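Asks: Residue-level listing of the chains:
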Amino acid sequence: MGVKVFVPRDATACALGADAVAEGIRAKAAAHGIDVEVVRNGSRGAFWLEPLVEVDGGGERLGYGPVGVADLDSLFEAGFPGNADHPLALGPVTGVDWLASQQRLTFTRAGWTDPLSLDDYRRLDGFAGLERALGLTPQEIVDEIKESGLRGRGGAAFPTGIKWQTALDAPGDRKFIVCNADEGDSGTFADRLLMEADPYQLIEGMIIAGLAVGAREGFIYLRSEYPHCKQVLTEALARAESAGYLGDDIRGSESAFHIELRIGAGNYICGEETSLLDSLEGKRGLVRFKPPLPAIEGLLGLPTVINNVLTLAAVSTVLAEGPAHYRDFGSGRSRGTLTVQLAGNVKRGGVVEIPFGATLRDLVEGYGGGTASGRPVRAVQVGGPLGGYLPEALWDTPLDYEALAEAGGMLGHGGVVVFDDTVDLRQQARFAMEFCAIESCGKCTPCRVGSVRGTEIIDRLIAGQDRERNLQVLEDLCDTMVEGSLCAMGGLTPFPVRTALKHFPEDFQ
Amino acid sequence: MTASAVSLAEIVESAVASQRGRIGPLLPVLHAIQDTLDYIPSDAVPMIASALNLSRAEVHGVMTFYHDFRSTPSGEHVVHLCRAEACQAAGARELERHARESLGVGFGETTADGLVTLEPVYCLGNCACSPSILIDDEIHARVSPARFDELVELLREEG
Chain A
0 MGVKVFVPRD ATACALGADA VAEGIRAKAA AHGIDVEVVR NGSRGAFWLE
50 PLVEVDGGGE RLGYGPVGVA DLDSLFEAGF PGNADHPLAL GPVTGVDWLA
100 SQQRLTFTRA GWTDPLSLDD YRRLDGFAGL ERALGLTPQE IVDEIKESGL
150 RGRGGAAFPT GIKWQTALDA PGDRKFIVCN ADEGDSGTFA DRLLMEADPY
200 QLIEGMIIAG LAVGAREGFI YLRSEYPHCK QVLTEALARA ESAGYLGDDI
250 RGSESAFHIE LRIGAGNYIC GEETSLLDSL EGKRGLVRFK PPLPAIEGLL
300 GLPTVINNVL TLAAVSTVLA EGPAHYRDFG SGRSRGTLTV QLAGNVKRGG
350 VVEIPFGATL RDLVEGYGGG TASGRPVRAV QVGGPLGGYL PEALWDTPLD
400 YEALAEAGGM LGHGGVVVFD DTVDLRQQAR FAMEFCAIES CGKCTPCRVG
450 SVRGTEIIDR LIAGQDRERN LQVLEDLCDT MVEGSLCAMG GLTPFPVRTA
500 LKHFPEDFQ
Chain B
0 MTASAVSLAE IVESAVASQR GRIGPLLPVL HAIQDTLDYI PSDAVPMIAS
50 ALNLSRAEVH GVMTFYHDFR STPSGEHVVH LCRAEACQAA GARELERHAR
100 ESLGVGFGET TADGLVTLEP VYCLGNCACS PSILIDDEIH ARVSPARFDE
150 LVELLREEG
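Protein chains in written order, with numbering that gives the first Met the number 0: chain A, 0 to 508; chain B, 0 to 158.
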């Protein structure tokens with residue numbers, strides 16, 4: 000057996016050249032007569048260190064990063080894959096402070112193994128939640144989820160147990176579990192990391208959800224912008240089925256569950272749950288009225304649980320460790336851990352899983368290390384394209400659902416996009432309207448037409464025309480969009496616009 | 000019936016057959032056809048409609064609703080440039096200007112030599128290492144204007 004060398008297969012790692020690095024290591028090792036086994040593992044989410052190459056050093060994993068093909072010669076000269084004294088050497092990866100200081104619950108397995116290996120997954124306590132769930136009644140499973148305090152991680156933070164109870168109580172023999180993997184918010188990639196680094200955790204969570212509400216059919220609706228993820232999930236689903244975790248008789252329990260991977264077609268709005276359901280039915284992704292709730296009348300009008308990737312993944316942890324274990328993490332009504340994604344103009348970007356209650360400043364300055372450009376941070380957009388632009392005065396707000404909402408922010412799916420002092424908030428406000436105009440499903444007039452008018456008004460403001468009047472019209476328009484749109488697309492697009500105006504008025508002078 | 004019409008019918012038929020039994024098969028069928036042909040010819044619309052028991056208007060409506068589906072062929076390669084906020088924060092606005100100028104095309108257009116179709120995309124999930132572009136199925140991170148030129152040059156060399 001050769002030395003095990005790990006090179007992530009994650010989309011970001013590959014975007015930074017991981018495939019060539021993996022090939023290069025194989026070739027150089029062969030040339031040096033060193034026997035290596037290159038494992039394509041998942042990423043740990045420390046994307047600023049990618050490609051993060053690790054060597055199995057007898058119980059310890061020694062890290063090197065970020066490694067480019069050009070670094071391989073000097074690495075091998077320094078003794079790689081043995082313990083190399085090299086500028087890129089990070090020591091044991093568990094000692095890298097950026098990772099060590101996190102509190103990983105959902106991402107505990109990310110990066111350690113080949114994400115497709117079922118043996119590795121089981122060895123790291125995978126399927127323990129499913130094994131327990133198979134011995135519980137549906138109501139007992141739902142009760143555990145309720146007790147855990149788990150709330151939806153897609154953005155709306157709705158209590159998962161209540162959603163499941165509604166679906167469990169809904170009459171009918173045919174029900175569905177739908178995983179919303181249409182992670183469209185700019186600045187978010189935690190769902191992608193989970194699916195690429197630990198896909199069985201999601202699959203396990205979905206099977207448990209099926210057992211809990213009596214559903215035998217599941218869908219993962221994945222955005223088409225994630226081709227790497229599609230590859231991993233396709234293979235993971237096939238292997239889970241061969242191993243008897245999916246199918247008509249899950250591990251000899253006589254319970255059935257099937258999962259179909261469905262690929263979206265490039266529309267942001269399909270991340271809205273009712274639009275997603277229409278898309279799954281083969282229609283234009285138009286937003287539906289609520290009620291009826293999808294838990295009662297969802298896909299094909301039948302009871303349907305729709306949860307985000309991280310929510311379903313967390314279900315496996317809740318069932319494996321018990322609800323108290325999960326609930327004991329967190330603060331106030333925000334239980335479990337907080338997953339944020341540091342993105343944009345940031346020096347050390349990636350997925351950070353920490354206790355609720357850390358501040359934006361801890362994240363941006365601590366984990367993020369400030370901007371990549373080296374200029375001062377000026378604005379931070381939290382919660383995706385429908386989230387607000389927050390100025391420095393608000394960076395000390397604790398990051399939990401309630402505290403941030405109180406400060407006029409929104410946590411959403413946990414995207415944190417950092418801008419330096421070259422940002423022009425007029426242009427960001429304009430883009431919010433433009434994005435809404437491009438992505439609106441078209442059902443509600445205030446969203447469909449209002450966003451186009453909003454872009455035009457901001458253009459007039461940028462041109463310095465009739466400032467006071469245009470600001471007033473923009474305010475009225477924002478009110479109309481908030482009050483007159485069915486979903487968050489039209490309802491929240493004014494949020495980035497208004498926070499830009501409120502917190503950065505100097506840009507609109 | 001012309002030869003190409005026959006093969007189009009066969010392609011539609013096999014796309015529909017591969018998705019038989021699915022709930023709401025229209026999107027997977029459209030993806031399958033586009034994966035094979037690179038676009039969805041307008042002649043395919045009535046065939047899809049009849050095979051799935053939908054109206055032509057329904058098929059047309061779905062095709063035009065989703066950004067991914069094309070009704071005309073693309074260039075040899077498709078370059079998706081991320082325009083979303085995280086990439087903007089890291090220089091995507093400048094990259095977009097550069098891409099438009101250096102390729103001489105706008106979004107949805109193909110270069111005169113047929114090499115590249117430029118498309119916008121709103122997030123590739125690579126936001127910690129922005130700006131990002133997707134060339135066919137491959138994501139590239141931290142793409143500066145100079146890097147963009149190198150990548151396009153590589154496509155040109157590939158031919």
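If you're looking for bench data, these hints aren't it; they were derived computationally from the structure.
Because the structure is a prediction, the values reported are computed rather than measured.
One should not assume that every hint holds.
Ranges between beta-carbon positions, derived for each pair [claimed, not checked]:
{"hint": "1", "chain 1": "A", "residue 1": "Glu455", "chain 2": "B", "residue 2": "Arg146", "range": "32 to 38 Å"}
{"hint": "2", "chain 1": "A", "residue 1": "Ser241", "chain 2": "B", "residue 2": "Pro72", "range": "34 to 40 Å"}
{"hint": "3", "chain 1": "B", "residue 1": "Arg99", "chain 2": "A", "residue 2": "Ala242", "range": "45 to 51 Å"}
{"hint": "4", "chain 1": "A", "residue 1": "Leu299", "chain 2": "B", "residue 2": "Glu152", "range": "46 to 52 Å"}
{"hint": "5", "chain 1": "B", "residue 1": "Arg99", "chain 2": "A", "residue 2": "Arg468", "range": "45 to 51 Å"}
{"hint": "6", "chain 1": "B", "residue 1": "Ser70", "chain 2": "A", "residue 2": "Gly171", "range": "36 to 42 Å"}
{"hint": "7", "chain 1": "A", "residue 1": "Thr358", "chain 2": "B", "residue 2": "Phe106", "range": "48 to 54 Å"}
{"hint": "8", "chain 1": "B", "residue 1": "Gly158", "chain 2": "A", "residue 2": "Glu253", "range": "52 to 58 Å"}
{"hint": "9", "chain 1": "B", "residue 1": "Arg19", "chain 2": "A", "residue 2": "Ala19", "range": "38 to 44 Å"}
{"hint": "10", "chain 1": "A", "residue 1": "Glu401", "chain 2": "B", "residue 2": "Phe106", "range": "21 to 27 Å"}
{"hint": "11", "chain 1": "B", "residue 1": "Ala111", "chain 2": "A", "residue 2": "Gly213", "range": "40 to 46 Å"}
{"hint": "12", "chain 1": "B", "residue 1": "Ser70", "chain 2": "A", "residue 2": "Ala19", "range": "35 to 41 Å"}
{"hint": "13", "chain 1": "A", "residue 1": "Ser241", "chain 2": "B", "residue 2": "Arg146", "range": "40 to 46 Å"}
{"hint": "14", "chain 1": "B", "residue 1": "Asp148", "chain 2": "A", "residue 2": "Gln471", "range": "43 to 49 Å"}
Yeah, the Cβ is synthetic: ideal placement off N, Cα and C, and Gly gets one too.
Asks: Run every hint past the structure and note whether it holds.
Replies: Now for the hints, and whether the structure bears them out:
1. A:Glu455 x B:Arg146: 32 to 38 Å: The hinted range 32 to 38 Å holds for glutamate 455 (chain A) and arginine 146 (chain B), with Cβ atoms some 35 Å apart.
2. A:Ser241 x B:Pro72: 34 to 40 Å: Since the Cβ atoms of serine 241 (chain A) and proline 72 (chain B) sit about 38 Å apart, the hinted range of 34 to 40 Å holds.
3. B:Arg99 x A:Ala242: 45 to 51 Å: For arginine 99 (chain B) and alanine 242 (chain A) the Cβ distance comes to about 49 Å; the hint holds.
4. A:Leu299 x B:Glu152: 46 to 52 Å: holds, 50 Å
5. B:Arg99 x A:Arg468: 45 to 51 Å: Since arginine 99 (chain B) and arginine 468 (chain A) have Cβ atoms about 33 Å apart, the given range 45 to 51 Å is violated.
6. B:Ser70 x A:Gly171: 36 to 42 Å: holds, 39 Å
7. A:Thr358 x B:Phe106: 48 to 54 Å: Since threonine 358 (chain A) and phenylalanine 106 (chain B) have Cβ atoms about 39 Å apart, the given range 48 to 54 Å is violated.
8. B:Gly158 x A:Glu253: 52 to 58 Å: For glutamate 253 (chain A) against glycine 158 (chain B), whose Cβ atoms are near 57 Å apart, the range 52 to 58 Å holds.
9. B:Arg19 x A:Ala19: 38 to 44 Å: Once the Cβ atoms are compared, 41 Å apart, the range 38 to 44 Å for alanine 19 (chain A) and arginine 19 (chain B) holds.
10. A:Glu401 x B:Phe106: 21 to 27 Å: Since the Cβ atoms of glutamate 401 (chain A) and phenylalanine 106 (chain B) sit about 40 Å apart, the hinted range of 21 to 27 Å is violated.
11. B:Ala111 x A:Gly213: 40 to 46 Å: Violated - the Cβ-Cβ distance for alanine 111 (chain B) and glycine 213 (chain A), about 59 Å, lies outside 40 to 46 Å.
12. B:Ser70 x A:Ala19: 35 to 41 Å: holds, 36 Å
13. A:Ser241 x B:Arg146: 40 to 46 Å: holds, 41 Å
14. B:Asp148 x A:Gln471: 43 to 49 Å: Holds: the Cβ-Cβ distance is about 45 Å, inside 43 to 49 Å.
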